[in-house]
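With the sequences and hints as input, model every part of the structure.
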Amino acid sequence: MRSTAEQKNKRKRLRFQWHKQDTELTLLALPTTIWYILFCFLPMFGIIIAFKNFRISGGFLSNVFNSPWVGFKNFEFLFKSNDAWIIIRNTIGYNIIFIILGIVLPVLFAIMIGLLHNRKASKVYQTMMFLPYFLSWVVVSAVGWAFLSFDKGILNQMLVNMGGDPVNWYMEPSYWPYFLILLNVWKGLGYGMVIYLATITSLDSTYYEAAVIDGASIWQQTRYITLPMLKLVIVMLFILAVGRIFYTDFGLFYQVTRDSNSLFNVATTIDVLVYKQLKSATLGMAASAAFVQSVLGCATILIANWIVRKVDPDSAMM
Amino acid sequence: MKKSWKLISMLCTLTLLVAALAACSGSNSPSATNAPNASTDTPKDTAEPSKDIPTLIWWTIGGQVPNNFSKAIDAMNAYTAEKIGVKIDIKVASWGEWDTKINTIVNTGEPFDIMFTNSGKYSKQVAMGAFADITDLVQSEAADLYKAIPEKVWDGTKIGGKYYSVPTYKDSALTQYWVYDDKYVQKYNIDINNIKTLQDLDQPLRSIKSGEGKSFYPLPMTQGEGLNGFFNHYDDLTLGFAPIGVKADDGSRTVVSVLEQPDIMADLKLLHQWYQAGIINPDAPTKTENDKGRPFFAAQAFPGAEVGWQINDAVQKYDMVQHFGPIYTTSTIQGSLNAISANSKYKKEALKYLELVNTDPKLRNMLAFGELDVDYKNVDGEKVIERTSDTWPLAAYSQATFFNLAVTKGAPEDQWEQVKMLNDAATSSTVLGFALDISDLQTEVANSQSVWDKYKYELITGASDPEKMIPKITAELKSAGMDTIMKAAQEQINNYFK
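So the sequence lines, in the order shown, correspond to chains A and B. Throughout, the working numbering is defined as the position within the first sequence, counted from one, plus 5. Throughout, the working numbering is defined as the position within the second sequence, counted from one, plus 104.
Honestly, the hints are just simulated from the structure, not real lab data. Check each hint, because a few of them may be wrong.
[Said to hold, decoys possible] Each pair of labels, with its calculated beta carbon distance range: (1) Gly98(A) to Lys175(B): 24 to 30 Å; (2) His427(B) to Leu47(A): 28 to 34 Å; (3) Val144(A) to Glu490(B): 51 to 57 Å; (4) Ser314(B) to Val144(A): 48 to 54 Å; (5) Lys576(B) to Phe152(A): 55 to 61 Å; (6) Ile39(A) to Asp477(B): 51 to 57 Å; (7) Lys300(B) to Trp90(A): 42 to 48 Å.
As the structure is a prediction and not an experimental result, all values here were calculated from the model. A virtual CB, placed ideally from N, CA and C, is assigned to each residue, including glycine.
See the structure below:
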């Protein structure tokens with residue numbers, strides 16, 4: 006009894022000691038910490054704009070402090086708007102699809118590429134899949150325009166050559182969910198794959214050798230060795246993705262659709278709304294929309310983590 | 105040992121926090137206040153190379169900036185530095201992104217000295233406190249400027265009885281024209297002088313379409329503009345929002361739902377027929393910028409304006425026919441304003457500069473036409489010039505008055521006198537001088553605006569069927585609070601004209 010208590014005490018003391026290692030690690034963490042304080046924590050105070058009637062009275066800080074409080078008035082527009090539910094539906098709907106595809110496809114491709122014997126080929130494929138990630142959405146939007154433009158687009162010229170009628174793509178909402186999903190997958194696939202591929206290549210090859218000796222097929226190796234080993238990473242990335250379920254890639258939904266009115270119902274997400282409010286209405290209204298987004302995002306990440314902990318405590322993050 | 109580490113790490117964290125805070129407030133302080141003590145250290149860094157000659161930032165609208173832009177600005181600066189001791193740094197927001205950019209700059213408090221603005225934005229920006237009240241300053245510091253612009257035009261910019269901007273005195277009364285590429289007028293024998301209404305245009309446009317073939321669009325449009333001046337018969341109360349207005353000649357000053365008016369409905373139907381017949385380009389609702397050289401378009405203009413377009417569009421000859429106006433409304437006067445930032449450290453200098461632009465033909469021409477002997481040549485002193493390039497991006501109408509601007513060679517020499525005559529002959533909207541105060545209506549205006557934004561491109565380019573769309577839009581507008589806005593507008597109008 007006494008000895009365990011002593012041990013506990015000792016451990017407690019140890020925990021409050023500062024080691025040389027700690028200094029090194031602290032220094033290592035410094036740049037990130039600074040970045041977080043500057044760009045993540047300080048701007049948080051800006052959230053009070055959502056509760057203020059933003060008026061200009063000097064620089065940004067004095068604007069914020071001198072503007073009169075209006076309580077929740079800025080939030081009214083968001084909930085009085087007829088389109089609130091369309092926007093939330095779009096945001097969550099696309100994100101659910103993106104999360105599912107963003108896990109299934111990269112894992113699938115990572116496993117496939119991991120199985121390739123030819124290292125050179127696997128590197129080439131990987132790089133090719135990674136490339137789109139480096140393109141900005143503005144560039145993608147221009148490329149999309151080259152395909153989909155009504156009078157000069159490649160797609161319409163092909164249709165006309167085959168005897169069909171040209172389609173005004175940017176005014177046909179029915180096609181756009183597919184376009185948007187396709188583009189998102191195309192752009193994100195290579196990036197999503199990297200982490201999985203790194204995990205796969207770092208797996209101990211003796212597992213596989215043992216499995217091969219026992220006569221396991223490739224499918225069985227994947228099913229019983231690779232996937233269970235990947236589980237932790239998958240769950241972690243899943244939680245991260247769920248935490249951002251109220252955020253969407255602004256470039257994808259605004260640039261690629263060229264802010265076409267006709268696509269409003271299928272392409273307006275919270276981020277696009279915030280931007281449009283910033284364009285036409287007040288800063289307070291834009292801030293209130295972003296505030297709601299953050300609160301909901303925080304709630305979802307906590308809920309997702311809670312569910313994961315219920316199901317598999319080892320995989321939970323918090 | 106332990107303690108010292110702790111201390112050091114504590115100190116580190118503290119310095120970090122302080123540094124972060126300092127960095128944060130430091131970046132803000134130049135714009136944070138115009139109190140003299142706070143600003144002493146910042147202007148020094150910027151002013152040192154220019155030897156205490158302040159450089160004003162002027163945000164304006166225009167096209168793509170050409171290669172010789174900074175050279176042309178340097179020439180202007182050399183001239184103004186000597187004359188009034190002020191330099192200018194002109195920042196150009198392109199036609200397409202101006203709305204967004206200007207709003208963001210004002211909202212985030214980015215420093216600027218002068219900003220081009222116009223009706224629809226102006227009253228919101230003034231309500232936000234973005235612009236300096238120049239009522240007294242303009243009379244004491246820039247008396248020549250004050251005298252150069254007629255009382256009526258100054259009055260049009262008043263908000264709450266005060267001036268917050270310098271109007272550009274030009275074709276301040278709106279006159280609307282139809283512009284035809286002469287090539288097609290000759291080819292299809294169009295009797296342009298007998299075309300007065302949209303319905304009259306139907307036959308000529310159809311004959312051009314059938315003559316020129318399938319992929320030729322006689323009436324090309326873009327999403328933002330549609331058919332220029334489509335809603336001109338209604339005064340928008342400077343709301344910048346078409347669905348609510350007062351008919352410009354309505355003596356009873358009744359606020360109406362514009363889209364539901366029979367004349368607008370009939371015109372929209374016609375547009376829709378044209379769209380279906382391929383007279384309007386099918387991608388109009390998504391197209392952001394016009395191609396150069398349109399066969400036909402509508403424009404707010406003045407005699408001689410076609411000369412500039414001919415050069416810009418490389419079109420041989422445009423025929424211009426007036427079909428509406430001239431008319432004064434608050435919005436037409438507020439069509440082009442230059443306001444001074446409430447945070448500007450150089451309010452007097454900014455006013456001086458605007459005064460010079462409005463009174464000095466040499467600077468005026470440089471601003472409007474670019475680099476002397478590259479973009480334009482003087483033909484008759486500063487009175488007549490010849491443009492030699494089509495790349496100068498700045499919009500002459502956004503800068504200052506027309507009445508000290510040179511006439512472009514080819515335009516009538518008495519062009520500006522004709523514009524003055526148009527101004528004098530103009531009728532006035534029955535609600536002239538009134539600007540809607542939306543400070544208590546922000547939620548409703550924001551929501552109605554977003555409903556209108558959602559549908560307007562397709563409606564004003566004829567892409568959607570007005571008979572189906574207008575009931576839908578009106579219903580959504582009503583639930584977004586259009587009735588509240590209309591009621592408040594009516595009350596404000598009744599009070600204003602009591």
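Starting from the range 24 to 30 Å, see whether the pair glycine 98(A) and lysine 175(B) falls in it by beta-carbon distance. 53 Å, violated
Should the hint that lysine 300(B) and tryptophan 90(A) are 42 to 48 Å apart at their CB atoms be regarded as holding? The hint (42 to 48 Å, Cβ to Cβ) holds, given that lysine 300(B) and tryptophan 90(A) are roughly 47 Å apart.
Look at the Cβ atoms of serine 314(B) and valine 144(A) and judge whether their distance stays inside 48 to 54 Å. 40 Å, violated
Does 51 to 57 Å hold as the CB distance between isoleucine 39(A) and aspartate 477(B), or does it fail? The hinted range 51 to 57 Å holds for isoleucine 39(A) and aspartate 477(B), with Cβ atoms some 53 Å apart.
A range of 55 to 61 Å was offered for this pair. Does it hold for the Cβ distance of lysine 576(B) and phenylalanine 152(A)? 31 Å Cβ-Cβ, so the 55 to 61 Å window is violated.
Hint check for glutamate 490(B) and valine 144(A) - Cβ pair distance inside 51 to 57 Å: At roughly 40 Å between Cβ atoms, glutamate 490(B) and valine 144(A) fall outside 51 to 57 Å, so the hint is violated.
Histidine 427(B) and leucine 47(A), beta-carbon distance inside 28 to 34 Å? Violated: the Cβ-Cβ distance is about 57 Å, outside 28 to 34 Å.
The structure is inconsistent with the numbered hints 1, 2, 3, 4 and 5, although it conforms to all the rest.
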